[in-house]
Structures are given as C-alpha cells and as structure tokens.
Amino acid sequence: MESLIIDQLKRERIIELLKSGKRIDGRSLDEQRPLQIETGVIPKANGSARIKLGNTEVITGVKIQPDKPFPDLGDKGILICTAEILPLADPHVEPGPPTEDVIELARVVDRGIRETEMIDLHQLVLIEDKSVIGIFIDSSVIDADGNLFDACSYASVAALLSCTVPKYEVKDDIPSLVEGVTSKPPVTTLPISVTMARIGDYIIVDPTSEEEACMDARMTITTNSAGNICALQKGGSEGFTPEQLIQCSEIALQVGTKIRKQFEQLK
Amino acid sequence: MESLIIDQLKRERIIELLKSGKRIDGRSLDEQRPLQIETGVIPKANGSARIKLGNTEVITGVKIQPDKPFPDLGDKGILICTAEILPLADPHVEPGPPTEDVIELARVVDRGIRETEMIDLHQLVLIEDKSVIGIFIDSSVIDADGNLFDACSYASVAALLSCTVPKYEVKDDIPSLVEGVTSKPPVTTLPISVTMARIGDYIIVDPTSEEEACMDARMTITTNSAGNICALQKGGSEGFTPEQLIQCSEIALQVGTKIRKQFEQLK
Amino acid sequence: MESLIIDQLKRERIIELLKSGKRIDGRSLDEQRPLQIETGVIPKANGSARIKLGNTEVITGVKIQPDKPFPDLGDKGILICTAEILPLADPHVEPGPPTEDVIELARVVDRGIRETEMIDLHQLVLIEDKSVIGIFIDSSVIDADGNLFDACSYASVAALLSCTVPKYEVKDDIPSLVEGVTSKPPVTTLPISVTMARIGDYIIVDPTSEEEACMDARMTITTNSAGNICALQKGGSEGFTPEQLIQCSEIALQVGTKIRKQFEQLK
Amino acid sequence: MTQLMTEDGIRCDGRKTDDLRNISIKVGVLKNADGSAYIEFGQNKILAGVFGPRDVHPKHMANQDTGILRCRYHMSPFSVTERKNPAPSRREIEISKVIKEALEPAVILKDFPRTVIDVFVEVLQADGGSRCAALDAAAVALADAGIPMRDLVSACAAGKVADRIVLDINNEEDQEGQADMPVAIMPNVGKVTLMQLDGVLTPEEYKSCLQTAIGGCKRVYEIQRKALMEKYFQTGEQ
Amino acid sequence: MTQLMTEDGIRCDGRKTDDLRNISIKVGVLKNADGSAYIEFGQNKILAGVFGPRDVHPKHMANQDTGILRCRYHMSPFSVTERKNPAPSRREIEISKVIKEALEPAVILKDFPRTVIDVFVEVLQADGGSRCAALDAAAVALADAGIPMRDLVSACAAGKVADRIVLDINNEEDQEGQADMPVAIMPNVGKVTLMQLDGVLTPEEYKSCLQTAIGGCKRVYEIQRKALMEKYFQTGEQ
Amino acid sequence: MTQLMTEDGIRCDGRKTDDLRNISIKVGVLKNADGSAYIEFGQNKILAGVFGPRDVHPKHMANQDTGILRCRYHMSPFSVTERKNPAPSRREIEISKVIKEALEPAVILKDFPRTVIDVFVEVLQADGGSRCAALDAAAVALADAGIPMRDLVSACAAGKVADRIVLDINNEEDQEGQADMPVAIMPNVGKVTLMQLDGVLTPEEYKSCLQTAIGGCKRVYEIQRKALMEKYFQTGEQ
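Protein chains in written order, with the numbering used here: chain F, 438 to 704; chain H, 438 to 704; chain Y, 438 to 704; chain X, 22 to 259; chain V, 22 to 259; chain R, 22 to 259.
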C-alpha cells in the first residue's frame, strides 16, 4: 500500500517536472545518460564488453564455435543473443528460469541485431548445409537501473565489434581450429536501439528504474547506419497515439545517430 | 464444504433416476450422446478432425514426417498419440506440465489405437533400421463435459482416417518429399473405445462431467472391427465385481458396433 | 521448537558420553558400525551390491553399455556414479529433483572412485575418439541412518568389484555385443571412504543420523590401497582446526585399512 | 522462392496491396468458458476463451488494488508445418506478454480487485499475422464474457513486400518479405496498444506502414462488432 | 524370437499355463518406513515403504473430510536392460495412478482427515507383471504400517500366449505374447480394483482371462497373508 | 601437453612453487546490492553481491530461531572455453553448497531470526581456483554489506604438480596436475571452513599441502583487509 502512495507521489512530482521540460536527474527529455563502453574485459571470450548506461551496467561475452546450421538455413551461420538479469543486479530478481520480462528482453536485443543484418551470416558458412560458425552473444545485467533493453543491446553490439573470429578448416566433415589465424566479424551496419518511456503526454529517452516504475508505456526502436528503422517493440500496459509513434521514430533516429558515433570508434 | 453436500444431493438424485432406468439428461443407461464428426478442419495438417460428443469437443491434428525408428523396432514406423486439455476447455485446468490424469488420458488413447494395430506400421518403413515414417496424432480438448477418453479416441481415429500420407524418397540416407504424391494410411481395423461409469450398481455409457463427479469407478474398453477386445483401462477409486466387468465388455461391443458405422463412412 | 530443545538435550548427552570416550550406541570413537556386503543381488545388472552399515542400507547396480566418449577424452571410457535417497528410506525425503545434499552425496561418491583411478578407463576404449564402454554405477539409499557418503561409496565399490564387463565388437562404427564373453573390470586399487563427524572437540567415525543431527562439521576422506589420500570433502556449518584435519587423515587411513580387508575378499 | 508480387501489384495470394484476407469471427463457441470466440483470418484458425473475474491461484499473485489480466498464447502441435513441441516456446511466451499488454488498456481491471481474468488463446492453424488474429479473437471473447471494457482491441499487420507497403501480411510475405509490423489499436480511444516491427523501413515507409496497419485495424473492428452484434442483437432475426 | 510355448503347453520358463512364478514376500524390511515389504515375484524384485497417516505438504493438497493416499511407482536405473533415466517417465506416472486407485478402495481414509498416507514403491529389478507385484508389496506394506483396511489388495496378470490363456505373464510373454491383462482384487470383498488390457482377446477369451487372473490373485493373497502371519503371529515359533 | 614445471621449479605461468597469482579486490562495485566485491585472482574475474538480512521467500524456508544464509555460485556462459549452458550445473550446485558452508561459521546469523542473507557470485571468467576466489569476494561483499561477522573467510588452493607441493593452482595445473586442494580459513579464529581434495597425496604431502594452502589463505586475507580498508578508511587520503 505504502509503496503505491509513494509511487503516485513520485509520478506526480515527475510529471510536474516534465511540464517544465525537466527530469528528476536533471536530464532533458531526449537526453541519454552517459554511456561508457569498455571492450576486451573477458580476454578468454572471443569478444566482450562492459558498458555503463548511467547506473545500469551490463557485461557481454561472445563465444564463437563451429555448429550445425538450422534446417533450411544451411547457407547461413548462426547468431544467437541471450540476456539475463543476474540476481546480484537487482533485489527483486530471483534465481530460476527466465521470467517473461527477461525473455522479452533477450528476444528484443536479438531481433535488433538480427533484423538490421549487422553480421553477414552468409560469410559464416564452412560447408553449406553441414557446418557453419555459430556466434553466441550472452549478456548479463550486473546492476539494474532502468532501460535494460538499450544497455544489453549496446553491450552486445560493442562485444561483437570487439570480437575476433577464429579460422576453422573442415576435414572429413569435422571442423578443426586453425591456430593463430583470426579475422574481424563481417559487420555490415551498426544497429542502435533507443528506448523511450511515455509518462502522461511526455516521451522521455532512456528511462531510469524510477521513471520506469511510473511510465505508462515503453517503446524501443532500433535503427541502422543508413537511418532506417529496423526493429521496434512496444511495451507496457498503456498505448501510444499514432502521432506519438511518429515522434518516437524521429527521436530514435536522432538520438541513435549521436550514439552510433561512439560505436564507430570501436570498429 | 458446500460443494460436497451438493455433490451428494446430486448423486442421490442421479441414483434415484437410475433406479427407474433414466439419466439426468434423459438418456438411457447404454445410450451415448450424439457424436458429430467433421474432418479436414486443419487443412495444413496431414489429417484432422473436430468431434463433438454432447458438449465435449476435441480437435485432433495429424502430422506425418520422416523419423528415425526406435531402437530394436527398425521394421516399424512410428505412431504416437498425445492428448491435452486446453485451459480454455475447463475452468479447473491450469496451464503447465501434464497432470497424471492427462498422462493417463493420452496413454489410454494411444494404446487403444496401438493395440488394435489400426495402422500397419510395417508399411511405414522407408529404409529398415534407418528411416521410417512417423505419425503424430495430437488431440486437444477444447470443451470438456465428461468422457474425454472416448472423445479423444474418436477424434484421433477420425483424423487418422482422413489423413493422406506424403511420399518420401530416400537418397544418401536422407528422406526427401516427393511433391504431389500421397496415399491413404494403411488402416487394418477400426478401434472404438467405449467408456462407462459405475454409479452404485448401475453401469452407464458415456458419462457427462456431472455423472463423472459422482461415479464410483470408470471403465474404458476398446474393441476392433472383428468384435475383439483390444485395450481396457479401469479408473476411479472404487472397484467392479467380475460380473460387472463381463457386462461392461458386452456393452462395449454392442455400443462400439453402432459407433463404428459412423466411422465406416469416413474410410 | 520442541525438537530444538530435544536436539540440544541430546547433544549435551552425547558430549557427556564422548568425554568418557563413549557413544550412545556403545561404540568407541573410531569404531565403525558393522558392515554387511552382499553382491549379485540384481542379477539382470552387470554388477550389484546391497550393503548395510548399521541401519543404513544401500543398493547399487552397475550397467555397462557402449557409449560415445566425452569430447577431448577419446582415449578413456566413461564412468559415472549417481546416488539418490529413495523416499521410502527416510520420512523427510520427498520425491522430486535432487536437492543440493543429494547432488553433493553423488559427486563425492563419484570423485572417490574417479580420483583414486580405481578403474583403468584407458582399457575401456573400443575405438579411440568414437566408441567406448560406459560404466554407470547407480546407488539408491533404501534405509537412512546416517553416513550415506560411506554407505553409497562402499556399495558402489562392491558393485564394481562384482561386475562382469561384456565384450563388444565394432563393425562400421557400430558396437555389437559378443554373447557369452565377459571379463572382470580393470581394477587398479580399492578406494575406501571414511566419514567422520566433529562434535565439540571430538572426532567420531561413521556417525548415525542422531549424531549427524548434532554434529558441528563433517569430513569424508577417501584413501587408496597404497595408503594415499585421494579425495576429501569437508561439510557442515562449522570448521576444523588444522590439527583436527591431520587427525582425520590418520583416522581415515587407519580405519580404511581395516575396511579394505573386507573388500579384498570380493576381488 | 515465391514471387511475392506481380508487376501489376497483385500479391501471391491474389490480393491487392490494401486488401485484407478473409476474416470470419464466431462468438460464444465454447460452453465452459465465460466468453469465447473463434476466428479464421486468412489461414489462421484460432480459438480464444476467457475465464473470470475469478480468484487468483497462486494467491500471492493477487493484487489488493486491482484485478489482473493473464494471457496464454499457445500453438497446437499440428498448427505449423513441422510438428511443434507442445511445451511453450520463448516465442509463445513473448507473444503472450505483448498480447496481454495490448488488451490491458482496454479492460477495466480496477473494478475487480484481488481477482484475475484469464485469456487463453489456442492457435489451431497458423498463418502470417497469428498474433493479430489471436488478439482480435481475445478481445471479442473478453466482450462475450461480459468483462467491462473501455473499447475493443483490433489488430492487423502491415508490412513491406517487393518494395511496397502492403496490408495484412500472409505467411509467405512474412517469411520472404522485407518487413512485418503487427499493430493493435483501441479503435474508439485512438491508441496503439500493440506494435512490433521486424524488417527494414525508411522513416517515410514507417509512417505509411503504420497508417496502413491502423486502417486495417479499423476494418477488422467492423468485423468484430458485427460478430458481437450477431450474437447479442440479432438472434431473433434469423 | 523365443518360442513361447511347446506343443505340450510348457511355457518358455518351464511353467504350465496356470502356474504362478515363484513368489516370496518379506514384511517389515525397512527401519525408517512405518510399514514395508519386499517382494520377489519371478524376476521382479520390489520394495514398498509406507509413511503415514501424516501431515500433508504442500498443505493445500489436504482434504478436510478425508485422508488422501499418494503413490509413487519408480524404477531404479539398473532395473531394466538399458539403463533407465532416474526421472519419472510417463509410464511410471500412469502406473503410480492405477496403483493408487487399486489401493484406495481398501484403505479406510475417512478416519484420517487432513492427513496423507504415502506409498513408495521401488522396482529394483523388473520382470513382466511389475505393476501387480508392486501392488502386492504395497498392500502388505500398508497392513504392516497398521493402516486400517477393509481388505488386502492382491494382484496378478493373466494373458494370451500362443493362442492360449495363461496365468502370470513373464517378460518374454509380455513382449512377444498376444495379450497382457493385469488385475487386482480385494479378495474378501470380491471387487476388482485394478484392471488393464493390452492385446487382442475374443469376448470368450476375455472372460476366461479375467477368471484366470482372479484365480491367480487369490493364490497371491494366500502368500501375502502368510507373510503377514509370519511377522505378526509366528515370531515365537521360530 | 604443457610442461607444468621446469627443472628449476618454475611453473608454467612463471611462478615459483609458493607464489600467489596476482590478486586484486575492489569493494562496493555494485549500486543495487547491499554489499559487493569484484575480484581478479589470476585469470579469474568474479563478482559477488550480497542482499540482506531481508524477508525470506518462500516463507516456509524461514527459521524462527536464526537467520539463514543462501549462496548461489554461477558461471557466465562466456566464462569458460566452450560456451556454458546458463542453467546451473550439478557442479555449480555443489560449489554453491560448500561456499555457503564455508561462510556460515563466520556470519552471525542468530541476530537475524526469520531473515535471509543472499550471497550471489558470478564467475565472469574462470581460471583454476574459482571457488576460492569466489569465496574471497563473497566474504568481502558480506563485510561490505555490514553483516556482523566473527571473522573474514579467506580461501586459497594448494596442490601437487610435477611431484611438488605448490601454492595456488592455475587452470593448467588443475587439469594436468596431480592434486588440487582448495582450502578456506577464518584467519583469526584459526578454523578451516572449506576443504576439498581431488588427486593423490601421501600422508606427508597431505600435511604439507594443507600447511601451504593455509599460508596462502593468510596472504589472501591481507589483500582482503587492504581492499576493505581502502574503501572504509582511506577515502580521504586519495
């Protein structure tokens, strides 16, 4: 009960501030929190990154190993993104099988990278229909303060950019590692996800936990280097007007362009 | 507590009626509810049926695909029946792993079709010990008003009768579909399951939910076209006298013969 | 609440006795309960044993069958020990997935046999990297009265000693059984596990359930025929002094030598 | 690979770019459910059943201040080309969540504290756009159950095929086309309550696609309304 | 393939058509269980242990008006030719259910509201007819636990092998024979509390098979009684 | 196969027999956790976070007389050479248990009846001795959370490599060496609270190995203390 009243008071305070174009942490509505990216943090992985988006913190590792292709997709390598919220990241998270929230998080991160075709999977085939390279991008949230969608997405993209792909030779249908030879992954574009919350009539970028607790609805839009919109997910228990949806796409493009610059340097 | 008293009153009323040879829905003791069968309801499946047995309703779909044979059974195709009660079928059913009741339901339906050898599995071998045709018969109860055993069994038989078996050619141990060529499944006999409830000293055919709630014991007997008894399952927390068991077999044969005529038309 | 007070009274009584070098069942501190070993109790298994250690009773069966080797371990056969506490063994055990206690039990039994290299796994290879012999040693506790570690370990060792290894021939990479030809397993040493409990300042061997309920910490040490220490596991919510740990190793060697004689006769 | 569109703008199933597939909805098809609907939407065949408001099990999920909505989207093993394992996949769990969030704004949950409304959707046969069709059936089933609602929820996808924005993506277009954008709206309130996008759109295409989808939703709404009217107001006429 | 019967009607294990396999039952073999029994029935080796009446966990399963009976039939990994995964299979879950329902009519549960009686059966080595043997041991274990019972439950299968009705199907006959019919009775009450059939029987064979099985059950009953007598009334004599 | 030691007693990573690998510990690295620590111990990179004392869910796990300690040791999918399935393995469950039992003697749980203290350990990159490193970080995180403790817990392995007793086994030595003995102590109380051994030691080697490990634990303790001092007493100095 108490928490509800406090939530409501907080929501009123947040809306009060939004009316004058401000947020409780001092940001403007379309301003992201500072993003710190560090790569190579897990030297034993093929690629890795640790990112901080405000107080939200994510570590992502990339593992690359030979695999069998999916049936009917024998001309493509495999790329799988997962995400989990570690129980040390948040007092409300309990160990156990993934909740629907975590499944959505992982699938949205995955689609952002998949739908932009960031990695040219055709270049990851060893022998068509038989043997391909699999890229596993596993993200762990280690400190949760809102907007896990963008945080996991940025960490995944950074880890992918940082990775080196080992070389495999195939003999008798069995792939074996060629020591000492690696290449960069075949990157075609840089997907940047931008998550927005609607609180009342206001659209704010990169919500904190506090803002998420009183938001009406959520929107995550991923754009590519060419300025196209490639993946989108609405969340939350309320809706958007069509005008707000146009506005969201404009914000995603504009904010995405800024953030993409930070990633360009990692290439 | 209340429900118990009402159950008991209902049971008294039901027994009262049975003494005069009647049931609460007006049927005679060995009378089944009307059975409606519609096939081809899921065009994308290889076979399908939707049946109504009174207010109980089941949809069954058949999927046919190449598979590896079971070890030591390399000269037979695969046939697997499953059953589930959808949560929309019954307010008491919850989503989740199958309960023991549902596992029994599926296994009894499966044995009824398996033990009568309705399908000649020897005709479903592509390459002995290596590649066979698998037939998966999945039943979903969509409205539950008693006697799910017969309802799922009838829907499974009807779906099997309606199905077309695609043709596969095997090259290099890999089976591939031959487009546009199909055959009827190798049907040898028509298994008909008849489920009875014992309430006091009375044996009634095709119990409704209401009757099942106050039955003492349950008996499901499956017969084949030759008038043999091929599978049987006693259920419930009370027993039968040997005389009642003979009576049940006679009812199953007699009622089964009537119902089989409805299926003969589907062949 | 009550049970806590009774536990405490019992602990006081047990410590009182220990001060005068006695235990509640009359044993001296380093005295094991009588160990009865019977082998061949499950004729259909490749090896089996039923052991009683006081009132603790375990049945172990060995199954031997061809398997694929673990990756990177293509020059070794497979050996896996499991353990479970049947729900009929103990009123506090419930059916379901294994608890952390049972997982620890199984892993400690497994390591005792694995780390002593009791079985020469190199002799269990059929075709290197492709086909090996797998030995599965499954222990079921059927009556639990403390010291399940030693009881499962003894039953596993006895079942292994009693087993006959079938002969397999490999044709076209598929191993097939050669009827009527068997051999003894390649045993190199006899691992003997000795479990001790610390209660106050006293180290006692082979604790009963009653003693385990009031112990401070537990120590399991496995030694081999050459008098070496090969596996060790500390348990329980308190610690040991370094001196106690030396004492434990001496007890384990000394008691182990006695018990090993009982097993020598099984070879 | 299928040719998805002729030069004249005719799609692989014969439709024009702004045609809906055939849609039919039947209300009140199940006896046990408090409300139910069956929809055929192209090749989709989907059942929806609603129970509630009723007691929550397990009890700790109940909310003292409001009713809660639960939703399960499930595919029958025979609903797709390869037999599907009956256990819920991650995809089904995600779709269950977005459907729930698309319905929540329309359902007046505050009136039923400590209770749950359960929406069960079963996809008997799947085609492109099954989540939209499921949502259309679920909204009608909620209305059939007599649950107080602010508005219906009407869903329809649009997408990009052969470089053109088209309404109501079918299975081939979903798999081989360029973009798929499922959308749901509350047609009278004017809010979008479900929206996803997979595929690449320019900002202009995005606007056009959204507009096209909303147009489709409004046409679906008329079909939903008609189905409800048929059950509740025209039984005497037949 | 084994020849299941000689021309003289001798079965593959040397028995005549109406012979039981060797059966021995020991009562009270476990210390911790409230009641227990160990049965060897042909090559079957099965332990049964009973706990209760005791408190129910989880509590919501308790019934205010009656005690409940729970039953678990489980096979050891080493009990069958191929090592069995220890997790319960669908077959084991079904058999647990039919065993429970076969015992329920015999146990006076009404006397113990809000409690549970747990019956745990472990098949250490499996042969044909393991569910009957399990039931025989479980019934004796319930009696050993001092649970009030209307009657014992005695089980034995009959079947059809080489076109003849035979008593007490063994493993080879189960796998290569024509029919297997496990039956359990309350021998004094005269009711059949478990019955299943896999295989093809004419109506006449059905009657004969049932009669044969019931005859077997009665002979098993004598062995159960003797085992209980030995523990409870003849300890002084030995 | 790696040569694990040169004739001069230099190990494969350049250390002498009684050298520790590089160890660094940072305290208070997480915002949400009540206490936290990050350790690099050789190639191990491990995070520990502590919550509590707090209410226990599910409630029936709570103890009226004392607080309880729970511990989860978990490895990230990317922490080892082959990608690891994120579901907890049996190895992880066992290590969670021995870590919990190693910490319990140090934590004053009696002061917090009906509550739980949760220790979550995440191995981001694994090297030899990850359970010791995890324990070192966990003990520091407990202190950082302000949990009353009798003592810290300090852990370090010793082992046998190329017939010599060496301190602080790395990954290659763990996999190809002769013995690995992880040990944890309460350094001031003087008790060993975790001890395991895999591998073959003579009784003399056993004593020497234990002594070596305890020596290592004491040096780790100094590093743990320094890390805590840095956070709590020297923030002004920097």
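Check before you lean on any hint, since a few could be wrong.
Claimed, not checked - Covered stretches of chain Y (in silico footprint by chain R; criterion: 3 or more residues with CB under 8 Å from a CB of chain R, positions within the stretch not fixed):
| # | region |
| --- | --- |
| 1 | 543-553 |
| 2 | 688-702 |
To be verified - Listed below are the simulated EDC-like cross-link pairs for lysine to aspartate or glutamate, each with C-alpha atoms no more than 20 Å apart in a straight line:
| # | chain 1 | residue 1 | chain 2 | residue 2 |
| --- | --- | --- | --- | --- |
| 3 | X | Lys-105 | H | Glu-521 |
| 4 | F | Lys-456 | F | Asp-610 |
| 5 | X | Lys-52 | H | Asp-653 |
| 6 | X | Lys-131 | F | Asp-653 |
| 7 | F | Lys-608 | Y | Asp-566 |
Because the hints were derived from the structure by calculation, they are not lab data.
Note that beta-carbon positions come from the ideal geometry of N, C-alpha and C, so glycine has one too.
Notebook entry, point to check: If you check each hint against the structure, which ones fail?
Noted result: Hint check: 2, 4 and 5 fail, others pass.
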